[in-house]
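A.B. asks: One letter stands for each residue in the lines below.
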Amino acid sequence: AQSVAQPEDQVNVAEGNPLTVKCTYSVSGNPYLFWYVQYPNRGLQFLLKYITGDNLVKGSYGFEAEFNKSQTSFHLKKPSALVSDSALYFCAVRDRGSGTYKYIFGTGTRLKVLA
Amino acid sequence: ETGVTQSPTHLIKTRGQQVTLRCSSQSGHNTVSWYQQALGQGPQFIFQYYREEENGRGNFPPRFSGLQFPNYSSELNVNALELDDSALYLCASSLVGEFATNEKLFFGSGTQLSVL
Chain A
1 AQSVAQPEDQ VNVAEGNPLT VKCTYSVSGN PYLFWYVQYP NRGLQFLLKY ITGDNLVKGS
61 YGFEAEFNKS QTSFHLKKPS ALVSDSALYF CAVRDRGSGT YKYIFGTGTR LKVLA
Chain B
1 ETGVTQSPTH LIKTRGQQVT LRCSSQSGHN TVSWYQQALG QGPQFIFQYY REEENGRGNF
61 PPRFSGLQFP NYSSELNVNA LELDDSALYL CASSLVGEFA TNEKLFFGSG TQLSVL
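Line by line, the protein sequences are chains A and B.
Numbering (our numbering) for the first sequence: 1 to 115.
Numbering (our numbering) for the second sequence: 1 to 116.
Just so you know, the hints here were simulated from the structure itself, not pulled from any lab data.
Mixed in with the good hints, there may be bad ones.
Calculated lysine to aspartate or glutamate pairs in the EDC-like style (CA-CA distance at most 20 Å, straight line) [claimed, not checked]:
{"no.": "1", "chain 1": "A", "residue 1": "Lys112", "chain 2": "A", "residue 2": "Glu64"}
{"no.": "2", "chain 1": "A", "residue 1": "Lys102", "chain 2": "B", "residue 2": "Glu75"}
{"no.": "3", "chain 1": "B", "residue 1": "Lys13", "chain 2": "B", "residue 2": "Glu103"}
{"no.": "4", "chain 1": "A", "residue 1": "Lys102", "chain 2": "B", "residue 2": "Glu103"}
Quick look at which bits of chain B chain A covers, simulated, 3 or more residues with Cβ under 8 Å [stated by the list, open to error]:
{"no.": "5", "stretch": "72-80"}
{"no.": "6", "stretch": "104-112"}
All C-beta atoms, glycine included, are put in the ideal place defined by N, C-alpha and C.
Working from the sequences, and respecting the hints, build out all of it.
C.D. replies: Okay, structure coming up:
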């Protein structure tokens with residue numbers, strides 16, 4: 001069965017410091033991988049995705065993620081955190097062979113950037 | 001803004017009732033999917049409609065049903081509401097096409113359903 005694990009419920013980081021939000025996945029074959037962010041009372045917003053190619057993917061708002069096939073991980077990173085980055089972050093996978101946009105989401109990691 | 005709107009934003013129902021949630025997709029998108037997000041959980045896939053036909057379903061019972069209309073709007077219907085149906089319901093639209101590199105879901109802000 002496909003699954004996504006976000007091992008940290010919350011990550012605290014000081015403004016200006018680098019941040020990492022972890023994600024590991026379990027899925028047969030080669031998946032598509034995504035990060036979405038959710039602000040209070042809002043739907044999810046797309047940050048970035050890995051489809052194929054370079055393992056380092058750059059996305060919106062200065063975020064990037066590194067795909068590591070051997071460790072089945074797709075950690076989200078940012079070199080310098082902003083207070084405005086504080087939000088709920090979701091990692092998601094989709095079966096590459098699926099004909100539907102059935103995303104499997106992790107349980108989310110709350111990022112708190114301290115001023 | 002994603003261009004996806006959902007109504008109502010909040011809804012309170014009692015157990016056993018039926019509810020209809022509505023979504024207006026981004027113009028030009030041919031696919032809509034619905035997700036249920038329980039408190040403290042990630043969204044869970046309910047089903048997907050492509051060109052007005054259901055073409056994928058998650059582990060949800062038949063009392064969850066949907067419709068997609070030619071004008072890019074869609075509905076999620078839930079019959080015989082149960083207490084565990086209390087959740088945020090998210091609609092996401094997308095343009096399914098030839099190139100996976102274009103894949104992206106555009107989510108609405110959701111409908112918060114409370115079942116008492």
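A.B. asks: Look at each hint and say if it fits the structure.
C.D. replies: Here is what the structure says about each hint:
1. Between A:Lys112 and A:Glu64 the alpha-carbon distance is near 18 Å, which keeps this suggested pair within the 20 Å criterion.
2. Between A:Lys102 and B:Glu75 the CA atoms are separated by roughly 18 Å; this keeps the pair inside 20 Å, and the hint holds.
3. Between B:Lys13 and B:Glu103 the alpha-carbon distance is near 35 Å, which puts this suggested pair outside the 20 Å criterion.
4. Between A:Lys102 and B:Glu103 the CA atoms are separated by roughly 12 Å; this keeps the pair inside 20 Å, and the hint holds.
5. Against chain A, the stretch 72-80 of chain B contributes 0 residues with a C-beta closer than 8 Å to a partner C-beta. That does not satisfy the three-residue criterion, and the hint is violated.
6. Given as covered by chain A, the stretch 104-112 of chain B passes the check, having 7 residues with a CB less than 8 Å from a CB of that chain where 3 are the minimum.
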